[in-house]
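Asker: Chains A, B and C, in that order, give the protein sequences.
Be aware that the first sequence starts at 33, since it is given in this note's numbering, and climbs by one per residue.
Be aware that the second sequence starts at 1203, since it is given in this note's numbering, and climbs by one per residue.
Be aware that the third sequence starts at 183, since it is given in this note's numbering, and climbs by one per residue.
In case anyone wonders, no lab produced these hints; they're calculated from the structure.
Please read these numbers as outputs of a predicted model, since none were measured by experiment.
Among the hints, a few may not be true.
Unchecked claim - Mimicking PhoX-like on lysine-lysine, the simulated pairs with C-alpha atoms at most 20 Å apart in a straight line are:
| no. | chain 1 | residue 1 | chain 2 | residue 2 |
| --- | --- | --- | --- | --- |
| 1 | A | Lys370 | A | Lys155 |
| 2 | A | Lys85 | A | Lys339 |
| 3 | A | Lys65 | A | Lys131 |
| 4 | A | Lys224 | A | Lys250 |
| 5 | B | Lys1364 | A | Lys85 |
| 6 | A | Lys166 | A | Lys155 |
| 7 | B | Lys1313 | A | Lys339 |
| 8 | A | Lys331 | B | Lys1364 |
| 9 | A | Lys194 | A | Lys224 |
| 10 | A | Lys292 | B | Lys1313 |
| 11 | A | Lys131 | A | Lys357 |
| 12 | A | Lys65 | A | Lys85 |
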Amino acid sequence: MNSIKNGTAILLALVVSFLVMSCKGGGGGDTIKVGALFAVTGPASFLGSPEKKTAEMFVEELNANGGLLGKQITLMVKDTGGDPAKAVALAKQLINEEKVFAIIGPSTSGESLQVKDLCNDAKVILLSCAAAEKIVNPVARYVFNTPQKDSHAVARIFGVMKDMGISRVGVISANTGFGKAGKEQLETIAPKSGIQILISEVYDKDATDLTGVLTKVKAKNVQAIVNWSIEPIQAIVAKNIKQIGITVPLFQSHGFGNVKYAAAAGEAGEGIIFPGGRLLVAETLPDGHPQKELLMNYKRNYESRYKEDVSTFGGHAYDALLIFKTAVEKAGTLDSEKVAQAMEGITGLVGTAGVYNYSADNHNGLSPDAFEILTVKGGRFGLYTRK
Amino acid sequence: MQYLLSGITTGSIYAIVAIGFNIIYNTTGIINFAQGEFLMLGGMISISLCSVMPLPLAIALAVAVTAAVGYCIELLFVRWIHNPTVLRMVVMTIGISILIREIALHVWDEKVRSLPYFTGNEVTSVSILGARISPQILWVLGTCALIVVLLNLFYGRTLLGKAMRACSANRMAASLCGINAGRMVTVSFMLSAAIGALAGCVISPMTQTQYDCGTSLAIKGFTAAIFGGLGSSSGAVIAGLLIGVIEAVSISVLPLAYKDAVTLTLLLLILVVRPSGLFGSREAGALKEF
Amino acid sequence: MKRFVAIGALAAAVIALHLLFAAAGAEYLLVQLTMAAYYALVVIGLCLLMGYAGQISLGHAAFFALGGYTAAVLSTNSFTQLMGAPALERLVHWGLVTAGTDAYGAAAHQVPVWLSLPLAVAAAAAVALVIGIPVLKLKGHYLAMATLGFGTILYRIFLGTRLFGEADGISSVRPCALLPGLTIGGDTALRTQNYYFAWALVLLAMVLSLNIVSSRAGRALRSIHGSEEAAAAMGVNTARYKLYVFILSAVFAAVGGFFMTHFNGGIGPAEAGIMKSVRYVAIVAVGGMANLWGSLLIGVLLNFLSLRGIFGSYDDAVFGALLVFIMALAPDGILRREFLHRIMRVRIRWPFSK
């Protein structure tokens, strides 16, 4: 039949698409190419969207101030849609084809783990915006990440619990990379901190109601509930807890670091205790605090430019670019080996998430005091103080 | 008891979504996979309007606007297709749903929003037989019941409703009797969009609304509609509640992570025994094929 | 006879593309073409199932993921942890497992491909058999629901089980050596051989499918699509044919997933998600249902462009728009004479005129 025609059509279509693509190539010149893999659309868009906006703002400002090593930076943002396979395909594209010098992102830990080996083998510096411990442990020479560590968040939470005399807790976490990583840390650190986890449940991040699982937790007679997720569902957790009459305190993770979540939880959000970066309480920091100026700057610029509240997630992209910039300036050259070395030598660098001290066996660089213990008061975030 | 109530909570959400599926199915034999997007639109529009006008008015307007969207979809994509096979319409409505979702992403943004609670606020709850439940659930259940009653009256008592049922039974014969079958399809699209929007508003305080919340709601609603037996509104409500309760019971004995797997396995088993759903007629299941 | 000419043309196109890219210094394009080829395997299988046997499946991504996860579990330290030391020692002794370490020095045993591939295929076939027998009795929307449900079940299992890495999926999957000189992996040096291997698989699947379509079995299948009752009355064992095709398409998908995982070095649960299944179904519909060539073309083209990130944040929007317009304008797919004619004549029929 017309199958021969079809065969030719396949050939033609592919040739055409190839030609279209080769047209947009070229360029190059004397710029530094930096790739970015963000989940701008899809289920993790609440991470990718502020990250993309922040990265674009940062690079624009940097270029306006003369760029890096006298060169302009070309930022190539690719939208992964939160799909690991697509992240791999796009990472290969950035590495082999665009020959980028470094990659910022991906947004989620699943994607980051999939491209970790890829970037390391290609000697392309990867600055992940996802928190999972496995991204930097085992250490890969060229792979770093910027968010605060889950283990630090857990340690701070357990610290507060000890002060409050809490030892029996229930854990619920979302079925995402973030929830999984947090759950693992909670379960590892709890025995060392004298905390007993009586029940640990995983829920769907798209769930519409969690009263069922909370009832199960309530029946265990826990003294506190820890919820570990990064999605908007955190507000539903807070509401359901109050609705079924649970009175024990609710601890959330640093994934709660978006004031919209507190607003969505409304009155049910009051009194939630969670570890968070200082970006969320920048105004209330004392004037002499080392992070204050940087935080206020970022907050002002971002909020006036995009007309929306800053979130810690955008801050991760800010820190990634800041660290990259510092390392390149320190190395004074565009050699990935030297820049990676310079990055490992970064100490005392003030970022949005905290103060970074990288070393050869520590590719995360933050310490537990990058977190403040925060709480919700009147729909706003504030520092937690023991009553 | 608390598990039962929790099951009813989730179940009532599934049920209210499932009703919308049935309306379009009843007149056209199509499953409209963009039904979830109607809910999202209803929620989103009412939230946007809520800041400038009182809540009831915002909801009414959102329902009207979404009905208009339903009308446009019918006008632009459905009306002029001559021989709509089921598969073609499935793919088409999936396309429409993706389109609406992406447009919503660019009109609003990726952030999550919600309507205020109709009664009380986030922490209020009423006590029923020693278990506690948010008053919003009562709103959802009430709306569900109201819709089912009104729909039954509409289909059973009014001329328009009877005409729509006639189209569903046999489009050709209905046309021969002087019923404008095309208009019936239009009406059903508007009606299901309106009901979807209303559902979207009622559940928004609890579930929150985000540009992509339609898909997962649609899948749950579709499940409930199928297991209730396509075409039966009361079947859909019962099936929705049943699924919610099965989920809740599964949570109480097994890890939550496998909730969907357990529930669906059970439902697939039911489907094998009763291939046309719990309350569906055998003919209805066999009638529309791919 | 003509179908062999077409296969030859496809083979020639594959080689021509490589030469073209090589000449233009754009060999990196082969990466996404290789991935698109693996996705195309799913599409070919699904096209057989939907277009010829007339059975929809909204759960086919699960088979792809099943193949992929089998590959991943059997070649990373998930397997080491799963089996425990004594069992592993025995397996190594029997030559069924090779010991090794992953990139970071942790112990990771690998099952050789001559064993893991059949295991993946067997797993997919077994699942398809168990699911297929009851589910293929259903019709229409009920079948759609059942396959959707089955896909969701597998998705939840991948997402909720520690062995499968939960939400992170499995990464650091090592390349697998298929033959001397042929290794499936993501390394740049392996790019060309992987490209040819993937497309050889596609060619093989096409030859197999075209043969089935124009054989006795194919005629039986089309009679099922036309009217199952009539086919049954004519003595066609409809249940058995439907089941065969379902299993075959599951195996195609699993093979695609298996090699894709080695090529990418990992797999995540998103691969089993409903949106992926919907995408495959839509591609087959846009390609023209009972049109293997059309489905192949659309599948490769769309996945290739999407993997290249051409549409940026509008990826899904473009996909949705394409579905709507092709279904509205060319319901039998775009590679049909009627549609091409219509395009030639550019006669726009406005929706308002009846």
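Asker: Evaluate each hint against the coordinates.
Answerer: Quick rundown of the hints versus the structure:
1. A threshold of 20 Å between alpha carbons decides the hint, and for Lys370(A) with Lys155(A) the separation of about 11 Å falls inside it, so the pair holds.
2. Taking the CA atoms of Lys85(A) and Lys339(A), the gap is about 11 Å. The hint holds against a cut of 20 Å.
3. The hinted pair formed by Lys65(A) and Lys131(A) meets the criterion: a straight-line CA distance of about 7 Å does not exceed 20 Å.
4. Simply put, Lys224(A) and Lys250(A) have alpha-carbon atoms about 24 Å apart, too far for the 20 Å limit, and the pair is violated.
5. For the suggested pair Lys1364(B) and Lys85(A), the alpha carbons sit about 54 Å apart, so the restraint of at most 20 Å is broken.
6. Distance restraint check for Lys166(A) and Lys155(A): the Cα-Cα separation of roughly 19 Å lies within the 20 Å cut-off, and the hinted pair is therefore satisfied.
7. Proximity of Lys1313(B) to Lys339(A) is assessed by CA-CA distance (about 13 Å); at most 20 Å being required, the pair is judged to hold.
8. Restraint check for Lys331(A) and Lys1364(B): the C-alpha separation of about 60 Å exceeds 20 Å, so the hint is violated.
9. As the CA atoms of Lys194(A) and Lys224(A) are separated by approximately 12 Å, the hinted pair is consistent with the 20 Å bound.
10. Among the hinted pairs, Lys292(A) with Lys1313(B) is consistent with the structure: their alpha-carbon atoms are about 8 Å apart, no more than 20 Å.
11. Under the criterion of a C-alpha separation no larger than 20 Å, the hint pairing Lys131(A) with Lys357(A) is consistent with the structure, at around 18 Å.
12. Between Lys65(A) and Lys85(A), the direct Cα distance comes to roughly 18 Å. Compliance with the 20 Å bound is thereby established for this hinted pair.
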